[in-house]
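J.: Put together the whole structure using the sequences plus the hints.
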Amino acid sequence: MSRLTRRSFLGSAVVGAAAVDAFAQGRAGGAPAAAVPVPDGVAIQKDVVFGKGGAMDLKLDIYSPKPGTSKRAATIHVHGGGFTGGSKDTLNERILPFAAHGYVAIAAQYRLLGQSPWPGMLEDVKAAIRWTRANAARLDIDPARITLVGYSAGGFLALTAAGTQNKADMEGSGGNAGAGTQIDLAVAFYPAVDAGPPGSLSPATYVGPNFPPTLLLHGTADTTVPLASSQRLFQRLLDSKVPAELHTFEGAEHIFDRDPVLASACGDIADLFVRRQRAKARA
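Numbering (my numbering), first residue to last: 718 to 1000.
Keep in mind the hints are simulated off the structure, nothing from the lab. Note that this is a predicted model, so its numbers are computed, not measured. Every residue, glycine too, gets a C-beta built ideally from N, C-alpha and C.
30 Å max Cα-Cα, derived DSS-like pairs, lysine-lysine:
1. K997 to K783
2. K783 to K763
3. K776 to K763
4. K769 to K884
Label pairs and their computed distance ranges (CB to CB):
5. S787 to K763: 22 to 32 Å
6. D859 to N883: 10 to 20 Å
7. S957 to D764: 32 to 42 Å
8. S957 to R992: 20 to 30 Å
9. D757 to D859: 15 to 25 Å
T.: Below, the structure written as structure tokens:
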């Protein structure tokens, strides 16, 4: 493990512990989490059709900050739900911190098991990437700066898409053919690395020198997707010389980032990771 990665890993544990402590204080007496306000200047466009999944219209939501003087970076977010449930509509509180940092943040729908067998849901995620790239000029996005962000089962999909960019037999036909499915960074929250849909392979299968820099975030008390899952993938990334960070949150369970305090902390961590990796790429 390199000194930089090791330092990042240890430092993240301190950040995570502080955030969880604030989380616990905010829960005293069972008080519910406050709704996350929409940051100033962020416009939300709901249910934009981005492609077809079989006969189904696939939709996404766009959280767009005020345009700046240069093209903006984008994040595409993939929800969890065990591949059988969940919705893009569950991501609002977790996406807003990314929009607050200036990203055009996109939450994408995909077909669930029961609506399509594998690899239908992966093809839908790739269709969302192609749509974003095809519409980059209209959205004032730099297509070279797209980060794929996934949560739990969505983390599995995001990591698999990251490792199979432009792989012809896994692209599907959901629209915008030829736009490409390349991304430059991946972020995965408590990813279900070892528990994919029937017929799929672990994202670790696709890890190699060309895998994009990857940030993993995981709670130490997660019993749904144990931390060991991310630890094994993290080591696989390091062994393949892929820039990677694993940030752990002491005492946090699965889907810990639904809390506004932790969602904000995770947004800060992800933003720092993205900026750091892109600065290295420019150096």
